[in-house]
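Sequences listed follow chains U and P, in order.
By my numbering, the letter at position 28 of the first sequence is numbered 377, and the numbering carries on one by one without gaps.
By my numbering, the letter at position 101 of the second sequence is numbered 285, and the numbering carries on one by one without gaps.
I should point out that these hints are in silico values taken from the structure, not numbers from a laboratory.
Be a bit skeptical, because a hint or two may be false.
[As the list claims (entries may be wrong)] In silico SDA-like cross-links for lysine to any residue, where the CA-CA straight-line distance does not exceed 20 Å:
| # | chain 1 | residue 1 | chain 2 | residue 2 |
| --- | --- | --- | --- | --- |
| 1 | P | Lys-382 | P | Asn-302 |
| 2 | U | Lys-367 | P | Tyr-251 |
| 3 | P | Lys-321 | U | Tyr-448 |
| 4 | U | Lys-446 | P | Lys-382 |
| 5 | P | Lys-325 | U | Ile-453 |
| 6 | P | Lys-462 | P | Val-283 |
| 7 | P | Lys-382 | P | Asp-334 |
| 8 | P | Lys-187 | U | Gly-397 |
| 9 | P | Lys-187 | U | Thr-455 |
| 10 | P | Lys-442 | P | Ser-309 |
| 11 | U | Lys-367 | P | Val-283 |
| 12 | U | Lys-444 | U | Thr-455 |
| 13 | U | Lys-446 | P | Asp-255 |
| 14 | P | Lys-187 | U | His-392 |
Note that the coordinates shown come from a computational prediction; the quantities given were computed from them, not determined experimentally.
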Amino acid sequence: MDQSTREETEKIELVIGKLLRVGVIISAAVILIGMAMFIISGHSGYTGSTHPTTPSAILSGVVALKPYAIIMLGLFLLILTPVLRVVVSIYAFFKEKDYLYTTITTVVLVILVIAMFIGYAG
Amino acid sequence: MDKLVQQLLILAFTGLAAGILGALLGLGGGIIITPVLTLLMGLPIQYAIGASVIAVIATSSGATIAYLKDDMLNLRVAMFLEIATTVGAILGAVVTGLVNSSVLYFLFGALLLFSVYNMIRKMLSKGEKVVSVNDDKYAQKLRLNGSYYDKATQEHVDYSVTNVPGGFAMMFGAGLASGLLGIGSGAFKVLAMDTIMKMPLKPSTATSNLMMGVTAAASATVYFFNGAIQPQIAAPLAMGILVGATIGSRIMQYLPTKVLRWIFIPVIGYMGLQMLLKGIGVNI
Chain U
350 MDQSTREETE KIELVIGKLL RVGVIISAAV ILIGMAMFII SGHSGYTGST HPTTPSAILS
410 GVVALKPYAI IMLGLFLLIL TPVLRVVVSI YAFFKEKDYL YTTITTVVLV ILVIAMFIGY
470 AG
Chain P
185 MDKLVQQLLI LAFTGLAAGI LGALLGLGGG IIITPVLTLL MGLPIQYAIG ASVIAVIATS
245 SGATIAYLKD DMLNLRVAMF LEIATTVGAI LGAVVTGLVN SSVLYFLFGA LLLFSVYNMI
305 RKMLSKGEKV VSVNDDKYAQ KLRLNGSYYD KATQEHVDYS VTNVPGGFAM MFGAGLASGL
365 LGIGSGAFKV LAMDTIMKMP LKPSTATSNL MMGVTAAASA TVYFFNGAIQ PQIAAPLAMG
425 ILVGATIGSR IMQYLPTKVL RWIFIPVIGY MGLQMLLKGI GVNI
């Protein structure tokens, strides 16, 4: 690898590293806000020990500022961070002109998305 | 103290400990979390599993964001082996119930104990192995060889991997184990890289941490949408783990590899014994 490609690679890796950091920090912040609201108000926003599990219930709960809905949103964002890692890795390999690994990583993403869809469907 | 706040604090500190250990050794932290949730807090097992899956992802994300540049973790090894792990995990989840879990616990437990035996024998005979340089044809074709900076010895270490098909098969087994039994998300991955593919321990644990998050993301969606992930349990646990894992991955970089392995061996030994005994119907 020549000098300019190496520098390019390091620049890409640095940007990816920061991007992933921001992703994790955002999900942690959302979870923290939900927890703080739950502790301060003493209410989850839902009856008994139930919590929202469908995307529509979570989104409408977030709009209504219900603590459990906000926590669930944060947890879902956290679940998505490894997926983000795979997506940005595809981009990084492509920029490095490493087409073998662009393909391999895309295969991983496809398998992952299929598995997540199976998980969502049932 | 308010009972709610007390419970949140217990969970956060449990997460902190699990995050540190998980990031140090490339494990998911279930070894700490599951007993605290089921034995100490009396939580039903499906909620404990749901929390553990979130714990794996939090450990993975917390540990990997500590490395701004990907020199400690080997992204190519991770993505190549991830194919085997995810396919194994999906297959495991599909056929779960068709196979006798006692037999599986026994087999996987025996495998861990055998690895521990091998590791101890090797440690006693020649200490931490010198990084071998060889020219495995798969490793070269797939560009799996890498390098990392060891902050303990302040040395730049170039390493090569070997026995790629063996590692790939072991990763498939690791995926099966996590899909079938929901266990060993990290242990078998570290063993596949460290023991079978002869990758140095530090990049092995870092890469395992990266991989287990990707594998767990799929099963996490199952538990998220079926309600097994309880916000009041998963949230404080995840926050503790995120902090713990960033601490653990920083400590790991400075620890001598030998020390890291002497922490790894008893932990894996305990896990192996626990699984072996579970296979013959004894719970510890």
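Hints and how they fare:
1. P:Lys-382 <-> P:Asn-302: 13 Å, holds
2. U:Lys-367 <-> P:Tyr-251: 10 Å, holds
3. P:Lys-321 <-> U:Tyr-448: 19 Å, holds
4. U:Lys-446 <-> P:Lys-382: Distance of about 28 Å is beyond 20 Å: violated.
5. P:Lys-325 <-> U:Ile-453: Holds: Lys-325 of chain P and Ile-453 of chain U sit about 13 Å apart, inside 20 Å.
6. P:Lys-462 <-> P:Val-283: Given pair Lys-462 of chain P, Val-283 of chain P holds - Cα atoms ~15 Å apart, limit 20 Å.
7. P:Lys-382 <-> P:Asp-334: OK: Lys-382 of chain P and Asp-334 of chain P at ~17 Å, within 20 Å.
8. P:Lys-187 <-> U:Gly-397: Within the cut-off at roughly 16 Å; holds.
9. P:Lys-187 <-> U:Thr-455: 47 Å, violated
10. P:Lys-442 <-> P:Ser-309: Cα-Cα ~13 Å, so holds.
11. U:Lys-367 <-> P:Val-283: Not satisfied, since the Cα-Cα distance of roughly 43 Å exceeds 20 Å.
12. U:Lys-444 <-> U:Thr-455: 14 Å, holds
13. U:Lys-446 <-> P:Asp-255: 19 Å, holds
14. P:Lys-187 <-> U:His-392: 14 Å, holds
Hint compliance for this structure: hints 4, 9, 11 are broken, all remaining hints hold.
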